[in-house]
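S.K.: These protein sequences, in sequence, are chains A and B. Numbering-wise, my numbering puts 18 at position 18 of the first sequence, and it's gapless, one number per residue. Numbering-wise, my numbering puts 78 at position 78 of the second sequence, and it's gapless, one number per residue.
Derived by calculation from the structure, the hints in this document are not laboratory data. The structure displayed is predicted, hence computed values, not measured ones. Please note that a few of the clues may not be correct.
Said to hold, decoys possible - Below, simulated DSS-like cross-link-like pairs (lysine-lysine); rule was C-alpha separation at most 30 Å, straight line:
hint, chain 1, residue 1, chain 2, residue 2
1, B, 221, A, 98
2, B, 19, A, 65
3, A, 98, B, 238
Said to hold, decoys possible - If you want the footprint, here are the derived chain A segments under chain B, 3+ residues with CB under 8 Å:
hint, segment
4, 21–29
5, 49–59
6, 101–108
All residues carry an ideal CB built from backbone N, CA and C; glycine is no exception.
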Amino acid sequence: MLTASGLKKRFDRKAPAALDDVSFSVEAGEIYGLLGHNGAGKSTALGIMLGMVFPDEGEVLIGGKSVQRERQAALSQVGAIFESPAFYEYLSGWQNLKVLTAFSGGVDRKTMEEVVEWVGLSKRIRHRVGTYSHGMRQRLALAQALLPRPRVLILDEPTDGLDPEGIVEFREQLFELREKSGVTILLSSHLLSEVEQVCDRVAILQAGRKVYEGATRGLGGEGQLYRIETASADDLAKARKLAEPKSILAGPGDDLFVFPADADPAGFLADLVNAGVKVRQFVRLESTLEDLYLEVSQIRRDRNQEPKSA
Amino acid sequence: MSLFLKQLGWELFRMFARKRTYIGFGVFVAVELVIYALLTLDRSERNMERWIERVAGGFDHYFSALTLAFMIVAFTMLLLGAVFVSLVTGDIVAKETEDGNLRLLLVRPVSRFRLLLIKFLACQLYAIALFWFVGLTAFLVGLTERGWGGGMFVWTPELPRVSIFEWNEGLTRYALAVTAFVFAYLPITGIAFALSCLKIKPAAATIVTIAYILADSILSKIPLPIFEDYQHWFITPKMQSWALLLYQDIPWPRVLESWTWLVGFGITGFVVGWVLFERRDVKS
Chain A
1 MLTASGLKKR FDRKAPAALD DVSFSVEAGE IYGLLGHNGA GKSTALGIML GMVFPDEGEV
61 LIGGKSVQRE RQAALSQVGA IFESPAFYEY LSGWQNLKVL TAFSGGVDRK TMEEVVEWVG
121 LSKRIRHRVG TYSHGMRQRL ALAQALLPRP RVLILDEPTD GLDPEGIVEF REQLFELREK
181 SGVTILLSSH LLSEVEQVCD RVAILQAGRK VYEGATRGLG GEGQLYRIET ASADDLAKAR
241 KLAEPKSILA GPGDDLFVFP ADADPAGFLA DLVNAGVKVR QFVRLESTLE DLYLEVSQIR
301 RDRNQEPKSA
Chain B
1 MSLFLKQLGW ELFRMFARKR TYIGFGVFVA VELVIYALLT LDRSERNMER WIERVAGGFD
61 HYFSALTLAF MIVAFTMLLL GAVFVSLVTG DIVAKETEDG NLRLLLVRPV SRFRLLLIKF
121 LACQLYAIAL FWFVGLTAFL VGLTERGWGG GMFVWTPELP RVSIFEWNEG LTRYALAVTA
181 FVFAYLPITG IAFALSCLKI KPAAATIVTI AYILADSILS KIPLPIFEDY QHWFITPKMQ
241 SWALLLYQDI PWPRVLESWT WLVGFGITGF VVGWVLFERR DVKS
């Protein structure tokens, strides 16, 4: 339903790449999470998907239409929510929806009323947005994203600033949307628990690169985090060298390796043996998304801090 | 086309739903009243009387509602016109980008060209509404002071000599001149719009536009031979084309030449803004 392929973006020649060869795809009806620190590249990736940021390389297809080449056809299938959505404060919620939907070709009154009712904003929809609480703004943001009925929802930090009740309610709304309308949802967040509870699959971005992609539930089952114990430090170094071209992340000074979703751990073990690495243990670790995320983050951070060899 | 008009309609609705819009209109009325008060001071009126009697004769006839309204409009537009038009146009893209409103529009299935065209046209329609508002309120002030009827006595620095009209002709010329302000201010909306499409603070777009117009106005009036060869590069002399409609005999070829130039400048400003914005990254 949504495919991002080879996205590269550098905003400034001197600055590091905001996105460096990021690819992923989201199946129809799936809830997919983009996870990462602030500055990891999530917003840039979403900006490219929504046609607001132009990639240096790569392309995003939504429902088979390229956002970069067939912008209108692609975006006609999309609804989006941004972190802290900015509405026209002096207009009512209803007027905001009218202004915004006019740029999507307009929506009939009945559909608008249904959506407003569904997001639970009927009583206040005629009031000025300037008088809305954060939660109400978020409901209005969801309403505008659903008008007209999109096939894909792209949500940037949608629960940011919501109280716990609001978060639970929002989560339930997403599940309901998926079940009733089959909407495909792409959600970006830095909240691990949110992604873990809502998303079917997740990609972790770090410094503009995708460092992990896989299922959020039953991470152990997918077996992405491995401990590889070798006979010597030299063997461990060899293992790390072999891991690198396969995008398997290895932590310096420890024996943990993170395999991407499409990696073949058994094949890698065979490679190690064939390369003469003495492997004492090759253990898949049961882990939560949080474990994985922190591990991946730590590995990347340590790697970045490693002094460059002459 | 109907969808385009609908979108333009909602853009205008949004623009006119702002309190700030009416504060702007209110400021114009306040300035008009100040100018009216200054023009009707005993000393000012005596000066006018001497002048009108000498040039046209019949002060009571020619110092009419139209004459008064024309003077109020000319001074008000001189003081505030450029500021307000550049304020509104300078804000139209830059402020919405800064506030984040534009993101919600940019993810809609609409081209950036169309979105910008709607905003640019909305600014032009705002300007028409503002000029007509100024024209009508000034006329009302004139009517209150001098009543219906009489002649019209017109002089501005752009006119080669004083023009004198009777009431009906004066009314037509007054309406034409007020409408012609739209053409006169097109370069300002063009510059402000182009700047607004840059990654720039909204205030900067307004300030740079006003600074440019001021510099252009000053340089175009410096009577040095060095500037003679460059007169055709200055905008502000062409912006005075509205005054051509108040010549005793309207020089239509000159009017059309100026309007073509001004419209061309305005469209160029829009195209430059669009080209700048078309490939611009808009990031949260």
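S.K.: All hints, please: hold or fail.
M.R.: Going through the hints against the structure:
1. In summary, the hint linking residue 221(B) to residue 98(A) is not supported, as the alpha carbons are separated by about 49 Å, beyond the 30 Å threshold.
2. The hinted pair formed by residue 19(B) and residue 65(A) fails the criterion: a straight-line CA distance of about 41 Å is larger than 30 Å.
3. A threshold of 30 Å between alpha carbons decides the hint, and for residue 98(A) with residue 238(B) the separation of about 40 Å lies outside it, so the pair is violated.
4. Three residues within the 8 Å Cβ limit are the bar, and the segment 21–29 of chain A against chain B gives 0, so the coverage statement is violated.
5. Note: the segment 49–59 of chain A has 5 residues with beta-carbon separation from chain B under 8 Å; the three-residue rule is met and the coverage holds.
6. Coverage of the segment 101–108 of chain A by chain B holds in this model, with 5 residues showing a Cβ closer than 8 Å to a Cβ of that chain against a need of three.
When the structure is compared with the earlier hints, violations turn up for hints 1, 2, 3 and 4 and for no others.
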